[in-house]
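Peer 1: What follows is each chain in one-letter form.
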Amino acid sequence: MISPLDILTSDLLRYPLIIAVLIGLTAPVVGTYLVQKRLSLLGDGLGHVALTGVAVGWLVGAWTSATPADLLAIPGALAASVIGALLIEYVREVSHTSRDVALAILFYGGIAGGVVIIQLAGGTSQNLMAYLFGSLSTVTAPDALISVVLAVVVLGIGVGLSGLLAAVTADEEFARASGLPVRTVNILIAVMAALTVTLSMRIVGALMVSALMIVPVAAAQHLVVGFTRTMRTAMVIAVLCSLGGLLITVYVDLPPGGVIVLLTIAVYALGLLTRALRPARKHSGVTGPGPSRSGGVPTTARATPHD
Amino acid sequence: MSVQRPPVIEVNGVSVDRGGQRVLHDVDLRIEPGELVALLGANGSGKSTLLRAVVGVLPLASGTARLFGSPVQRGTSHDRLGYVPQETAETGSIPATARETVASGLLGARSWWPSARDPRVMAALEAVGMADLAGRPVTRMSGGQRRRVMIARALVRDPQLLVLDEPFSGVDVPTQELISELFRELSAAGTTILVVLHETGPLAGDIRRAVVLDHGHVVHDGAENERPRLDPGPGHPEDAALLDECLGQEIHPL
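If you read the protein sequences in the order shown, they are chains G and E. Those letters in the first sequence? Residues 1 to 307, by my numbering. Those letters in the second sequence? Residues 1001 to 1254, by my numbering.
Calculated from the structure, these hints are not laboratory results. No residue lacks a Cβ here, since even glycine has one placed at the ideal position from N, Cα and C. A hint or two may mislead.
Unchecked claim - Examples of chain E residues lying across from chain G (beta carbon under 10 Å, computed):
1) V1084
2) S1104
3) G1201
As the list claims (entries may be wrong) - Here chain E is said to cover these stretches of chain G; the calculated rule only asks that three of the stretch's residues, wherever they fall, bring their Cβ under 8 Å from a Cβ of chain E:
4) 26-36
5) 104-111
To be verified - Distance ranges between label pairs, derived from CB positions:
6) E:N1043 <-> G:L273: 43 to 49 Å
7) E:S1015 <-> G:R38: 42 to 48 Å
8) E:G1190 <-> G:A104: 34 to 40 Å
9) E:V1173 <-> G:L240: 33 to 39 Å
10) G:L86 <-> E:S1015: 27 to 33 Å
11) E:H1220 <-> G:V153: 54 to 60 Å
12) E:R1117 <-> G:T67: 53 to 59 Å
13) E:R1209 <-> G:I105: 47 to 53 Å
14) E:S1115 <-> G:G156: 51 to 57 Å
15) E:R1030 <-> G:L86: 39 to 45 Å
16) E:P1174 <-> G:D100: 38 to 44 Å
17) G:I248 <-> E:W1113: 56 to 62 Å
18) G:G156 <-> E:D1172: 44 to 50 Å
In isolation and in its complexed conformation, chain G is listed as follows:
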């Protein structure tokens, strides 16, 4: 029987554990903004587009006789998913009706392009599956380094600028009227999603990282109220599920990505149940307005201190 101490000191598990924690921290940060923008499937769509990028990377690698054959796979995926993210953002901006259709086309086009091009490159669709489902057990030190850099970038932008990003994603019209850089923020979020999916896909798989973006946020929405609390709770859920899922696979021979996603869905179901069983709270506080209640209203913001 492997003891928890063995797990922590094992060379084989140290990097997967670090990466599981880092992706657990970062994916829900990006996911919170995607859920807020009602673009929950963007990560998944980008994951599929990234597959085409992987295949193109293989093809270019084959032409240039690169070794190993997949040397250019991740750069290809990165380029394809960033282009896909910008394209979606463009479609979203010019048309309010067809963004779900654009996402669907991204999905189908991504996977179809992937299987066709990988064949042309002399590979098989099996090669692509490795990127869709990842492989935590083959993680190397450079992989861990990429995850650390990604985590610093995503947490720096996603948490550091959370007020700005939350305001823009919550109400674009108000944000525009406030003079906020709406287009830049939208592009930033789309590119963050593309970076997160692509740089994590070889390790945990595109499917798992996009699930870790969305499901913990959905679960957190059942447990807490408020934007900031939802984001923080989602990060805790994702880290616990990532670690829990990984540890389960130490003892039982199961694919870690799948176990981790199933655990987050279990937390979501628990959240749903908790909410259903929670006794309805009585409406408290203000129902009628009134100067009397606020202590003689409009002193208003005009009279408040200003910096």
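Fit chain E to the supplied structure of chain G, relying on the hints for placement.
Peer 2: For chain E alone, kept in the frame of chain G given last:
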């Protein structure tokens, strides 16, 4: 020698297209500091379109719009503007609390790090009688409570110009009175207010100047009591344009 202040809003020859159709035609509007102006008109007359063009949310097909003397597209005057969009404006799917929502009003071109604990946030909620519900998600509030939070979000930045789109829509009578009282006090303190209204309602006695739109044209700009009666006629081009946008296809009148 006193320096002449530029008009708060200066719109010259503004036209706006939506869904491939012109919904606002060659509009001129000039609002001086401290004025309280109502923008009136039937559904689809273009009053909300004009308001959104004024605050820089909609692109202009032609003409110029200036806020405090600088072109609205440049965004340099937005820190002095408090905007309350229509109730139907799209909101995110994660319910922010009233406190978080109001704090987002502190953001501006030069301020990207608002704090929900900033004392101005609670002061603005207090001003609209919503301090008790600061921790409640806005989506779990009644229509009137939500409107008050949106007004607090606009007030928290201490605006010199307050622009509101149908602030009384879906709001009960006591709340209408509260909001009206707030406008009176702000107006008396020198805040310029431009408000889109379906009918003047509780503000009837306070509005001196009314701008009336019909089919995207200004048909009256002057004393409120001399304005023409509003005729909610069918077939406004803006209605068709909005339907086009919603359905993603062209609508032809029968």
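Peer 1: Each hint: holds or not?
Peer 2: Hints, one by one, checked against the model:
1. Taking 10 Å as the C-beta contact cut-off toward chain G, the hint placing E:V1084 at the interface holds, the least distance being around 8 Å.
2. With a least beta-carbon distance of about 4 Å to chain G, the hint placing E:S1104 at the interface is held under the 10 Å criterion.
3. Here the hint on E:G1201 is broken, as its CB sits about 15 Å from the closest CB of chain G, past 10 Å.
4. Counting residues of the segment 26-36 of chain G whose C-beta lies closer than 8 Å to any C-beta of chain E gives 3; at least three are required, and the coverage claim holds.
5. Counting residues of the segment 104-111 of chain G whose beta carbon lies closer than 8 Å to any beta carbon of chain E gives 0, which falls short of the minimum of three for the stated coverage.
6. At roughly 45 Å, the beta carbons of E:N1043 and G:L273 sit within the given window of 43 to 49 Å.
7. For E:S1015 and G:R38, the hinted distance range of 42 to 48 Å is not satisfied, since their beta carbons lie about 32 Å from each other.
8. The hinted window of 34 to 40 Å between E:G1190 and G:A104 is violated, with their beta carbons roughly 53 Å apart.
9. Between E:V1173 and G:L240 the C-beta distance comes to about 50 Å, which lies outside the given range of 33 to 39 Å.
10. At about 31 Å, the beta-carbon gap between G:L86 and E:S1015 stays in the expected band of 27 to 33 Å.
11. Checked against the hint of 54 to 60 Å, the C-beta distance between E:H1220 and G:V153 comes to roughly 55 Å, which is consistent with it.
12. With their beta carbons about 56 Å apart, E:R1117 and G:T67 fall inside the hinted range of 53 to 59 Å.
13. Range check, E:R1209 to G:I105: about 51 Å between beta-carbon atoms, so the 47 to 53 Å window is met.
14. E:S1115 and G:G156 have their C-beta atoms about 19 Å apart, which leaves the hinted 51 to 57 Å range violated.
15. For the pair E:R1030 and G:L86, the supplied restraint of 39 to 45 Å holds, since their beta-carbon distance comes to about 40 Å.
16. Range check, E:P1174 to G:D100: Cβ separation about 41 Å, and the 38 to 44 Å hint holds.
17. A hinted range of 56 to 62 Å is violated for the C-beta pair G:I248 and E:W1113, which are about 40 Å apart.
18. Taken as a hint, the range 44 to 50 Å holds for the pair G:G156 and E:D1172, whose Cβ atoms sit roughly 45 Å apart.
Hint check: violations occur at hints 3, 5, 7, 8, 9, 14 and 17; the rest are consistent with the structure.
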